[in-house]
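*Asks:* Model the full assembly from the supplied sequences, consistent with the hints where possible.
From first to last, the protein sequence lines are chains A and B. The numbering used here numbers the first residue of the first sequence as 1 and each following residue consecutively. The numbering used here numbers the first residue of the second sequence as 1001 and each following residue consecutively.
Simulated from the structure, these hints should not be mistaken for laboratory data. We put the CB at the ideal spot given by N, CA and C, even for glycine. One should not assume that every hint holds.
[Said to hold, decoys possible] Here are a few chain A residues that sit away from chain B, every Cβ distance over 12 Å (derived from the structure): (1) S161; (2) G249; (3) P298.
[Unchecked claim] Facing chain B, a subset of chain A residues (Cβ under 8 Å, in silico): (4) R94; (5) H158; (6) P176.
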Amino acid sequence: MVLAPGNRTAVLAEALSLGYEDLGAVFWAVREVDLELPRGGSLCIVGESGSGKTTLGNALAGLIPPYVRTAGRLVVEGVEVVRGSRIAGASKIRGRVVTRIPQNPAASLNPYLRIEEMFYDVLRDSREIKSRGEAREEAVKLLSLVGLDEGVLHMYPHELSGGMSQRVAIALALAPRPSIIVADEPTSNLDAYLRGYIVRLIGNLNRKLGVSLVTITHDISIVEIACEDMAVMFFGEIVERGPVRDVLGKPLHPYTSELIEATTLKRAGLRYGEQTSGCAYYARCPYGDEECLRPPPPARLGGGREVRCWRLAR
Amino acid sequence: MAGYYARRALLGLSLVLGLTVVAYLLVYVAPGDPAYVWAGRPRGPRAAEAIELAARELGLDQPLYVQVASFVHRFLSGSWGTSIAFKRPVAEIVLRSFKATAELLLFSYLVSVPLGLSIGVFMALRRGSGIDLALKLSSSLLISVPRFWLAIIAVLALYILGLQPFGRVDPRYLVELREVTGFYLLDSLLMLRPDVFLDSLARLVPPALIVAAYPTFYIAKYVRFTLSERLYEDYVMEAVSLGVSRGTLVTRYALRGVIPAVLQLAGVNFVYSFVDAAVVEIVFMREGIGRVLVEGLLRSDYPLIVATFFVVSLVLIAVNSAVDVVQKRLDPRVRI
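*Replies:* Set out below in structure tokens:
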């Protein structure tokens, strides 16, 4: 764990943009995002598929492929990862101060290696544990944190059930002793029973082990259990953020209301429209007017709440 | 596990049996009259009688199914008959030339599999760079250039350099050489004769490299493209995010999934390399199974053709079975 004294911010993003170049044009998957996660805090990033939340989560975990275009600034545990178009410290943070719990754990475990071997590789490279016996002891400790016994060590990934592979993936993410964990859609491949268990397990990493936690999800029902703060993403922008209780209790952005409504499965039909240079949500917003053709400024409402909508800016 | 190996062996054996029958039938329908050759290409008024006599001696007057049955029986019980063209036991000719070709092919593949893998990994890790492009172009070139052309160029070049590229070993040594294994490299070492070893090695390397060119660059290209994809596989990305070092990442994560396929590829390529070896052996005037097959075909020497065909098939089946078994051992997901 790298603890810089006096530094109380785990993640700081300032006007961070991440994009992919396609035939000369840049498609910005993440647009001018501002984020701040205090050390020991927990943040859920909520949004639908394609909203750029996985790209953002990967960047926080130090996974920025060289072909990604960047702008703005990203600082993780005092290490400047992105500064303008430069990607600098990504390799310094990943697997050291920050790890990721993957979206699809079954595909994220090396099918050719026993679980023990994977623990050995991670422990050796991140924590300089060279002896196999020591690595094994450490792996058993980590597995007990997620409720698995050492029998799992001899197994290959294809011999594990979905819930077991997710728990192994969590134990592996804990192996480098990170101060931040990014959980990318940790429940998307699990049934309802396991979903509750895993969400509580991940929430406890933050509450009991004190790890700063970023959870990325499209499932608004897990937010309350996993996090204290949340940010709602739409088309690469953060449209609303604040403490979970406040945002879910009184959603201010029309998209947040739409997401909450979506969990009741009562919504039929989808509306799509052309993206404008103004408000990202304009094409789907029931309240849109001419003013929305200009980008809305963030409205800061106190108590950490921030909403990007002209209705509140006025 | 044992059941799988038994089934694989049984499958291999039935393939061999089937191939022997097919080989006989192919020769049967092919143009050319073995009896005519056996009788010594007779002319004159009593030629027809001589040919008929030869046909009876060779059993060619029997119905086809009897011919096939007695052939398969004789063949599998080890009597492969006498070569019509060379008038010597077929087994002796085939075994001797087979060893020569095996020496060439084994050497080629010992070079080409590791070399192809290394070039492929090198290219994949530098994909998009100038050296990647240069290697891509030269591998396409070396894959598509005809082998005989490469062989002729190599012979000319060696000749200009004053090196003697022909044959398997200097004829001077041939008298002294005691054939224990039939592999000259090994035999010369057993005789404790480094000069003979170096001479036969110097004659082996150029043709072996020409035969190796195809599998090497085929494997390199395959590894280049597959590994590039693998590097973005979920489990590789996950290892990256957990801080696993680059070397471990490439060898234990990305490459692990590629190696079984490379072995399969090498196994399949082995078939093509037999044909390549035949061409290269002829240009370099080496003994070999390919040369024997060509001469046998030209002279309707059916015992020789069938035996050659049989041995080559046996090797290919053995190689591919071995590759299958190795692949199963490398991939824990494949159930045996």
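*Asks:* Any of the earlier hints contradicted here, and which numbers?
*Replies:* Going through the list in order, the structure violates no hint and respects every one.
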